[in-house]
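A.B. asks: Fit chains B and C to the known structure of chain A by using the hints.
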Amino acid sequence: MNISGLQSGLTRLAQRVSSQKGRFPGASNQQPGTVSEHSRRIGLAMVSPSVAVLLAWMVVPLAMTLWFSLLRYNLLYPGESDFVGLENFYYFLTDEGFAAGALNTFLLVVSVLAISVVSGVLIAVLVDGPFWGRGVVRVLLISPFFIMPTVSALVWKNLLLHPVSGVLAALWRFFGAEPVDWLAEYPLETIIMIVSWQWIPFAVLLLMTAMQSLDQEQKDAARLDGAGALATFWHITLPHLARPIAVVVMIETIFLLSIFAEIFTTTGGGPGYETTNLAFLIYTQALLQFDVGMASAGGLVAVVIANVAAFFLVRMVGKSLTDKA
Amino acid sequence: MSDLTIKNLKKGFDGTEIIKGIDLEIKDHEFVVFVGPSGCGKSTLLRLIAGLEEVTSGHIHLDGQDITDVAPAKRNLAMVFQTYALYPHMSVSKNMSFALSLAGADKAEIERKVKEAARILELEHLLERKPKALSGGQRQRVAIGRAIVRHPKVFLFDEPLSNLDAALRVQMRLELARLHKELNATMIYVTHDQVEAMTLADKVVVFNGGRVEQVGSPLELYHHPLNQFVAGFIGTPKMAFLGGSVKAADASGVTVALACGPEYCLPLDGSALKAGDRVTLGVRPEHLQIAAAEHSPFKVRLDVSEHLGADTYCYVRTESGELLTVRAPGDFAGQFGERASLIPDLAHCHLFDADGRTLPKPGASARAA
Amino acid sequence: MLTLKQTRSLRTLVLGSLAWLLALTLFFPIFWMVLTSFKTEVEAFATPPQLFFSPTLENYLHIDSRSDYFHFAWNSLVISFGSTLAGMLLAVPAAYSMAFFETRRTKSTLLWMLSTKMLPPVGVLVPIYLLFKSAGLLDTRLGLVIVYTLINLPIMVWMVYTAFKEIPKDILEAARLDGATTTQEICRVLLPISKGGLASTILLSLILCWNEAFWSLNLTSSAAAPLTALVASYSSPEGLFWAKLSAVSTLACAPILIFGWLCQKQLVRGLSFGAVK
Chain A
1 MNISGLQSGL TRLAQRVSSQ KGRFPGASNQ QPGTVSEHSR RIGLAMVSPS VAVLLAWMVV
61 PLAMTLWFSL LRYNLLYPGE SDFVGLENFY YFLTDEGFAA GALNTFLLVV SVLAISVVSG
121 VLIAVLVDGP FWGRGVVRVL LISPFFIMPT VSALVWKNLL LHPVSGVLAA LWRFFGAEPV
181 DWLAEYPLET IIMIVSWQWI PFAVLLLMTA MQSLDQEQKD AARLDGAGAL ATFWHITLPH
241 LARPIAVVVM IETIFLLSIF AEIFTTTGGG PGYETTNLAF LIYTQALLQF DVGMASAGGL
301 VAVVIANVAA FFLVRMVGKS LTDKA
Chain B
1 MSDLTIKNLK KGFDGTEIIK GIDLEIKDHE FVVFVGPSGC GKSTLLRLIA GLEEVTSGHI
61 HLDGQDITDV APAKRNLAMV FQTYALYPHM SVSKNMSFAL SLAGADKAEI ERKVKEAARI
121 LELEHLLERK PKALSGGQRQ RVAIGRAIVR HPKVFLFDEP LSNLDAALRV QMRLELARLH
181 KELNATMIYV THDQVEAMTL ADKVVVFNGG RVEQVGSPLE LYHHPLNQFV AGFIGTPKMA
241 FLGGSVKAAD ASGVTVALAC GPEYCLPLDG SALKAGDRVT LGVRPEHLQI AAAEHSPFKV
301 RLDVSEHLGA DTYCYVRTES GELLTVRAPG DFAGQFGERA SLIPDLAHCH LFDADGRTLP
361 KPGASARAA
Chain C
1 MLTLKQTRSL RTLVLGSLAW LLALTLFFPI FWMVLTSFKT EVEAFATPPQ LFFSPTLENY
61 LHIDSRSDYF HFAWNSLVIS FGSTLAGMLL AVPAAYSMAF FETRRTKSTL LWMLSTKMLP
121 PVGVLVPIYL LFKSAGLLDT RLGLVIVYTL INLPIMVWMV YTAFKEIPKD ILEAARLDGA
181 TTTQEICRVL LPISKGGLAS TILLSLILCW NEAFWSLNLT SSAAAPLTAL VASYSSPEGL
241 FWAKLSAVST LACAPILIFG WLCQKQLVRG LSFGAVK
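Protein chains in written order, with full-length UniProt numbering: chain A, 1 to 325; chain B, 1 to 369; chain C, 1 to 277.
In isolation and in its complexed conformation, chain A is listed as follows (with noise of 0.2 angstroms):
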């Protein structure tokens, strides 16, 4: 049902996009034109394969998923598949997880959004002018892009981040401070860190891409209007890389809400709730206790949270990207 809500959302999404574009029909030498009969087969033909897997990949799974939550089915328990109803849906939403689960989820996004898009654009500002080993300093800073969050995750937790033979906790120890064992006291948190270390690198290469294309005789034009680095920053730089921005969290929402190896290799979810996102709270009911019932309902409620999410930012991107042209 959330589905549609967001498709027809979409679909008012591209009207308003299109009737714009007729509203100025200035470039009309660029128009496209009205494409003719066959050559609009032709299109169709070569875009509908991907369509159409697409659509199997969503429609096929999300029925089942669908059907399955409505049943008490539980694989330590064969050949019992009652219909049951929303039942499985009443116990996954009044789980103390399930509470839990979805605020984590909302910090994990929403942190490492903010960390990640800040420390980029600082970052892309930085690396933009010219000094000794810039090159260098671009492969150094876009690493962490390249490794699995397994590896990730696991360097962190046991070669970083433990609390007597850590890096970090000689570190503290230099410094005469008391060590810190970081995933057990702060355990979202040290999440939280661990993957915007691995995602400020794709911020920083995507807006470091935008800042190549930022107008040079704009910043001349305001320095010469007297604008400071400040204010150069704030009334043009900032501005040219609003869309590259909107498509770092565009991106970046899509892979941290589904956040999995990460906590699955290091706290396991807790202590206690700590650290379950939802991704991982339905990973236990499937995998762990083997209620596919109940996972399916959670799966479905994770769609429809993640269709929320979608729709909100394909308001605020999804115009950006496709205006162009």
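Don't read these hints as lab results, they were simulated from the structure. All C-beta atoms in this analysis are idealised placements derived from N, C-alpha and C, irrespective of residue type, glycine included. Treat each hint with caution, since some may be false.
Okay, derived cross-link-like pairs now, DSS-like style, lysine-lysine, Cα gap no bigger than 27 angstroms in a straight line [stated by the list, open to error]:
{"#": "1", "chain 1": "B", "residue 1": "Lys153", "chain 2": "C", "residue 2": "Lys5"}
{"#": "2", "chain 1": "B", "residue 1": "Lys361", "chain 2": "B", "residue 2": "Lys274"}
{"#": "3", "chain 1": "B", "residue 1": "Lys203", "chain 2": "B", "residue 2": "Lys247"}
{"#": "4", "chain 1": "C", "residue 1": "Lys165", "chain 2": "C", "residue 2": "Lys195"}
{"#": "5", "chain 1": "C", "residue 1": "Lys5", "chain 2": "B", "residue 2": "Lys130"}
{"#": "6", "chain 1": "B", "residue 1": "Lys94", "chain 2": "C", "residue 2": "Lys195"}
{"#": "7", "chain 1": "B", "residue 1": "Lys181", "chain 2": "B", "residue 2": "Lys132"}
{"#": "8", "chain 1": "C", "residue 1": "Lys165", "chain 2": "B", "residue 2": "Lys132"}
{"#": "9", "chain 1": "B", "residue 1": "Lys10", "chain 2": "B", "residue 2": "Lys153"}
{"#": "10", "chain 1": "B", "residue 1": "Lys247", "chain 2": "B", "residue 2": "Lys299"}
{"#": "11", "chain 1": "C", "residue 1": "Lys169", "chain 2": "B", "residue 2": "Lys94"}
{"#": "12", "chain 1": "C", "residue 1": "Lys169", "chain 2": "B", "residue 2": "Lys20"}
{"#": "13", "chain 1": "B", "residue 1": "Lys27", "chain 2": "B", "residue 2": "Lys153"}
{"#": "14", "chain 1": "B", "residue 1": "Lys203", "chain 2": "B", "residue 2": "Lys20"}
{"#": "15", "chain 1": "C", "residue 1": "Lys195", "chain 2": "B", "residue 2": "Lys130"}
{"#": "16", "chain 1": "C", "residue 1": "Lys165", "chain 2": "B", "residue 2": "Lys130"}
{"#": "17", "chain 1": "B", "residue 1": "Lys27", "chain 2": "B", "residue 2": "Lys74"}
{"#": "18", "chain 1": "B", "residue 1": "Lys132", "chain 2": "C", "residue 2": "Lys265"}
{"#": "19", "chain 1": "B", "residue 1": "Lys94", "chain 2": "C", "residue 2": "Lys5"}
{"#": "20", "chain 1": "B", "residue 1": "Lys10", "chain 2": "C", "residue 2": "Lys169"}
{"#": "21", "chain 1": "B", "residue 1": "Lys74", "chain 2": "C", "residue 2": "Lys169"}
{"#": "22", "chain 1": "C", "residue 1": "Lys5", "chain 2": "A", "residue 2": "Lys219"}
{"#": "23", "chain 1": "B", "residue 1": "Lys132", "chain 2": "C", "residue 2": "Lys5"}
{"#": "24", "chain 1": "C", "residue 1": "Lys169", "chain 2": "B", "residue 2": "Lys130"}
{"#": "25", "chain 1": "B", "residue 1": "Lys27", "chain 2": "B", "residue 2": "Lys7"}
Computed beta-carbon distance windows for the label pairs [what the hints assert, rightly or not]:
{"#": "26", "chain 1": "A", "residue 1": "Ala227", "chain 2": "B", "residue 2": "Arg211", "range": "45 to 53 angstroms"}
{"#": "27", "chain 1": "A", "residue 1": "Gly228", "chain 2": "B", "residue 2": "Ser162", "range": "37 to 45 angstroms"}
{"#": "28", "chain 1": "A", "residue 1": "Ala242", "chain 2": "B", "residue 2": "Thr236", "range": "38 to 46 angstroms"}
{"#": "29", "chain 1": "B", "residue 1": "His29", "chain 2": "C", "residue 2": "Lys195", "range": "40 to 48 angstroms"}
Just some of the chain A residues that point at chain C, by a computed CB distance under 8 angstroms [to be verified]:
{"#": "30", "residue": "Met64"}
{"#": "31", "residue": "Phe131"}
{"#": "32", "residue": "Phe146"}
C.D. replies: Okay, now just chains B and C, sitting in the frame of chain A:
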């Protein structure tokens, strides 16, 4: 033989008609220029001829053969784009030979044709360069070369000079005129610049709002515009238009009272007019003369003057506030704000009725149609 | 009072040092991982951590004897390239159609594709698992290729679409007038011109596939298990063997990391998702 005939051609985009029924004949070896303000449909017509857009209704014939539904590549036309549209990943010679190699032409043959085109366009030393290593003028030449190697029946040019700077534009204009003579080809050329139209064309087609306003040689359009739009579009600086009303009119002359004061009797066929009709007098800058204030009833006040050396374009303001351009001698010494008067050359004035149609010369009404 | 030139070079120095400091900080975990992989287990666990030691290869030899690294690496390689290839074969025509035969539905189709990417994998894990089980796709490379192709397709279509959108329509029309068929138009004009954007699409797809951990952990066990699974196998029971863990992690990440470094320029140039004009 490369005669192009267009019959009742229409084209609409999403319900809006861009081309509203055009009939046109283009003869072999002719240099035809489509000219008009932006959005008048001239580029669309060119793209329809090229086959890049589908026609809504009507027909296009090339050499008596209907090519309305023929694929662009099979029409035997070549087009030079405003943006040049060079293939950025291919060298100059690859750019020029691409069409021939697609058609499966013989290697030696391709090389000969590319060499030949490069010689005509003086591109021989650039053949191995990529487009991005070329200047604007050189890119333009490669784009033309790409058309030449195909020996098309008709060359199509879509505002080819508009991305060049002023000096280069003049030079390329001369080269295009030379090329037309050298290749003896049929060329259709779209521009919004009426100077290009006047200098290049054997035949000018003036477009406005999806229709053809007038077809004719440059001088025909200059001397005998069919209506106020063509009169205003052809000629620089532009013809001035002065509002007025008819005092008396018959088949041999029209007496007009201008809003700015003076009255003139023009030797035009006014049999269709009656006293009191609103008319517009059109007069070109070169058909006006500036005189001392008391010499003529046409009183004006001088505005700014532009001294070009040989000529001076002097802007003057009438008593009713209209701004006119007058071509004065190069040593014209009038000062801003000075009072003066104008003497129009009545034999070269045009009069337009309320619908913008030009009034015919006496006894010429049959010919004008 | 400093001259303008001196202020500038001072600023460059300060900003440069700051950039270096940040870069080294961000890179430190990777550096430390590689360093630890050459330590003995005792050195790796030493307090305080040691920066200087005599390097050893024993961890790498141990991995080689315990599990067949190349088996996992080969799986990663086949799966990443396979699904990238399949993804490109689907994405290029789709993006071509969207970019050059735009219809009223094109924009909503593109946004819809992206929205499928929003479906959390856990939401569909159970049905996919069951479907794969009945289709015999569990623990096969083909199974993972299918899944990775599908999950990356929206982003690939989007990237290729934006790359195509940057090409002036005139050039394609010129090709059409030159007599190119649709296939020739795509292969001889469109693809060579947009190779920057295509390369970064391929790169991103390879990186995402190589590092994907959710589906690979849940849909494979041994035969088709990629490097992510190998790393995960070192996490729980032998988690305390830091040096070996570091060695296997280094081995798992090195190929894609080096690949990424080599193609860094390409990635920086092409990864704009159409957000930059």
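A.B. asks: All hints are to be evaluated individually against the structure, with a verdict given for each.
C.D. replies: Hint check:
no. : hint                                      : in the structure
1   : B:Lys153 <-> C:Lys5                       : 63 angstroms, violated
2   : B:Lys361 <-> B:Lys274                     : 17 angstroms, holds
3   : B:Lys203 <-> B:Lys247                     : 38 angstroms, violated
4   : C:Lys165 <-> C:Lys195                     : 13 angstroms, holds
5   : C:Lys5 <-> B:Lys130                       : 39 angstroms, violated
6   : B:Lys94 <-> C:Lys195                      : 18 angstroms, holds
7   : B:Lys181 <-> B:Lys132                     : 30 angstroms, violated
8   : C:Lys165 <-> B:Lys132                     : 20 angstroms, holds
9   : B:Lys10 <-> B:Lys153                      : 23 angstroms, holds
10  : B:Lys247 <-> B:Lys299                     : 20 angstroms, holds
11  : C:Lys169 <-> B:Lys94                      : 20 angstroms, holds
12  : C:Lys169 <-> B:Lys20                      : 25 angstroms, holds
13  : B:Lys27 <-> B:Lys153                      : 11 angstroms, holds
14  : B:Lys203 <-> B:Lys20                      : 21 angstroms, holds
15  : C:Lys195 <-> B:Lys130                     : 16 angstroms, holds
16  : C:Lys165 <-> B:Lys130                     : 22 angstroms, holds
17  : B:Lys27 <-> B:Lys74                       : 20 angstroms, holds
18  : B:Lys132 <-> C:Lys265                     : 20 angstroms, holds
19  : B:Lys94 <-> C:Lys5                        : 48 angstroms, violated
20  : B:Lys10 <-> C:Lys169                      : 23 angstroms, holds
21  : B:Lys74 <-> C:Lys169                      : 20 angstroms, holds
22  : C:Lys5 <-> A:Lys219                       : 19 angstroms, holds
23  : B:Lys132 <-> C:Lys5                       : 35 angstroms, violated
24  : C:Lys169 <-> B:Lys130                     : 20 angstroms, holds
25  : B:Lys27 <-> B:Lys7                        : 14 angstroms, holds
26  : A:Ala227 <-> B:Arg211: 45 to 53 angstroms : 51 angstroms, holds
27  : A:Gly228 <-> B:Ser162: 37 to 45 angstroms : 40 angstroms, holds
28  : A:Ala242 <-> B:Thr236: 38 to 46 angstroms : 44 angstroms, holds
29  : B:His29 <-> C:Lys195: 40 to 48 angstroms  : 43 angstroms, holds
30  : Met64                                     : 4 angstroms, holds
31  : Phe131                                    : 3 angstroms, holds
32  : Phe146                                    : 4 angstroms, holds
Hint compliance for this structure: hints 1, 3, 5, 7, 19, 23 are broken, all remaining hints hold.
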